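Visitor: Residues per chain, in single letters:
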Amino acid sequence: MASKELSPNKRLLIIAGVFLAVFFTPFTHPRVAAAVQEAFLMLADYAHEHVLLCVVPAMFIAGAIVVFLNQQAVMKYLGPKAKKVVAYSVASVSGAILAVCSCTVLPLFKGIYKKGAGLGPAISFLYSGPAVNILAIVLSYKVFGWKLGLTRMVVSVVFAFLIGLIMQTIFYKEDEKRLADERLFQNMGGPEARSLGQMAVFMISMIGILVFINWAPSQGSSTLWDFIYSSKYWITGAFGLLLAYALIRWFSKDEMVEWGGATRDFALQILPLLFGGVLVAGFLLGRPGQEALIPSSWVASLVGGNSLLANFFASISGAFMYFATLTEIPIIQGLLGAGMGQGPALALLLAGPSLSLPSMLVIAGELGLKKTATYVALVVVFSTFAGFVFGMVA
Amino acid sequence: MIIQILGTGCPKCKTLEANAKAAIEERMIEATVEKITDLDQIMDMGVMMTPALAVDGQVLSAGKVLNKNQILVLLKEVR
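Sequences listed follow chains A and B, in order.
The numbering of the first sequence is this note's numbering, which starts it at 236 and goes up by one.
The numbering of the second sequence is this note's numbering, which starts it at 41 and goes up by one.
Bound conformation, chain B alone (with noise of 0.2 angstroms):
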């Protein structure tokens, strides 16, 4: 499962990232994080409100920061 962080590197973006690493370490999720700054690849993906998180090209939320419970929420629904 790739997990990925959608965002042009704003500080919000990076609490995103860091939230999301740490919610796979927790409960050991086989899983990587990627980064995904290119503004029209974003958009691509059909996002406009950064920072948002998505999951193997599908996005699960966006233009919120999630803290480490909410990503765990939204992982157990697409898994």
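The following block holds chain A by itself, in its conformation from the complex (with noise of 0.2 angstroms):
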């Protein structure tokens, strides 16, 4: 997104409307001051459970993928030439690799579409690229627990393949006209600086480090698991050691400069819009448990339970919804406090950051109204019936 600078007047209007804003809030009145303490409630339990040490590590894991890994490497999948079924499992799973910020992925979009693989990829790819997003993923683990995370990932590349397939399918005739070209997708890097083994080492210390500092203690159920927590300082420690060690062998200064820079990218980009997204959260739906501005009644009446209506309900919103990166998850979580059941909240995951009202007027430019209104249909309807059924078995 663009940031665009702003005339005088308007920044006068804006300070005039906070203000104003400010002035007419009632803030003696208990549902309102609950609210305002809630907010930074839940921004402290995010703070000290959240952010140090999952959204920080996590970070630089995302740092290293963009300055590290070569993406151009990818990119060769997605070609017109390639396989098919290369290139929807590609497009599936590129997420966590290409689109880890958000202006990359149109680009990368469209030239799927109109030079590369065609439609089916492309949509793959558009569906999966803020899904299957590693600090997304991450942090999904860390707030909603193993099974829901762990649904949320799964399904959402499976989602990303089955409605590129039915997309390529439903528009095979329209897709045979565009103009093919292989240059866009030839690597252009040049020869690897480390080998994939030594690449693997850095990554796999840097994920077990991320791994074993949030391990949870199982609560008496499983004794391997709680001898794991018991020890997580010393097997954090070791991978520490690992990482130190393939940083100091394999990688120069200079690299190293490079991966911070894109790290601290990374923290500016989305920790202000983490830290508004938990405010705005608690402000008004409160910490699980606690009450703030929006009455959990409503959200139980809306979206509580598991019928198939609380579960379209979660989805079609959640398509039109804007969120900003990763500020779902406080979302949802102040949602689930306030009695969402589980399937509407694994409907809103999977059908609310991929699409947004803007995001559709966008992809609508591109594709024109009738693929756009079926890539929308096909979200919500599986999202919908994804959820009816996590619900169930949940």
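What the hints contain is simulated information worked out from the structure, not anything from laboratory work.
This structure is a prediction, so every number in the text was calculated from the model and none was measured.
Note that the Cβ used here is the ideal one computed from N, Cα and C, for glycine as well.
Mixed in with the good hints, there may be bad ones.
Partial pick of chain B residues on the chain A-facing surface, computed with a CB cut under 10 angstroms [said to hold, decoys possible]:
id, residue
1, 80
2, 82
3, 89
Bring the two chains, given one by one in their own frames, into a single complex with the hints.
Guide: And the structure:
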């Protein structure tokens, strides 16, 4: 998203608006006072529980993906000559590698659609980009637990594959006219600086740190689990040593500086959004078990339980609502705490981040109304169905 | 020499543009910096990973925010 410079008059107008809003807000009303307190308590919760140990290591991983993984190498699987099965599979998981920045999603989508593997893989990529993003997956695990976290990841990948394939089947005829251009998908990068094994050690050591520092006790249901918990700092330390070894042996100082820069850019891009998102979610919905501005009974009546209607409502509102990166997590956490069912929560997670009204308008500009409407309808129907099934099992 | 910055206007593209300007200023290279924001034109140049840097229509780097020194190295190669 491009940030525009505001004119002085507009800035004054915004400041005046903020003062007016504050002037008319009844802060002494118990409900509002509780909501304000909830907003900061939820923020404190995130600061204690999630940001330092979970989001920060994940940002280092995302930074490493941007700097050290050769993205061009992935692109060749999405070119016009790529095998179809490979193209769909790569597109469905490529979100984790390619789309770590939202401003690259659209050029890549258009390139794959117009000059590369075609409509199907392009749609798979479009869906998986925001949904299979490493930061979102990691924070989902941490906040929602492994059940919802794992389901979100697996179902997102499956959906990306299926929805792309269905779109291709429906619009088979119209897809023939595009101009293939192999040039876009060539590998421009030079020879690799490190072997695959060295990269694997580097990435696994970072993932190991992330996983084991966040290890939670099983509360007595598994002795192995609890044993790992009691020695989690030793295990994390071992992975830390491995990471230090990899960095010293195989990476130059310039590369480490570049890595630090990319990580910093992520922090600057994502942390303010997460900060604002948590505050808003806390203000409106409160932490689990606490009341804030919106009464829990409203939430429960709309998306409580696991009726087909609740799932449908969750996925259609998720499809139109705009979630900035990662903000879907505190918002859904707030909704869950206010009585939302597990099924509708999954439906919202599946339909929410990939679609929003602004993104629909942009896609419609590229694809036309008919294809866009079909895509949106597929996402909503699939998400509703998946939420419904998950709600019955969970 | 025309240095072209290919990108749709995201913060990364702006950083690359600023770095390119700083690079030619530092070495007093005779060059103008041009921005290409039209997605179709970017794709016609064979680029999908933005931001990208091209000199006189020849794409030298794609998908990376190069720093000043990296840009200078690339410019030395084409001259």
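Visitor: Can you list which hints this structure breaks, lowest number first?
Guide: As far as the earlier hints go, not one is violated by this structure.
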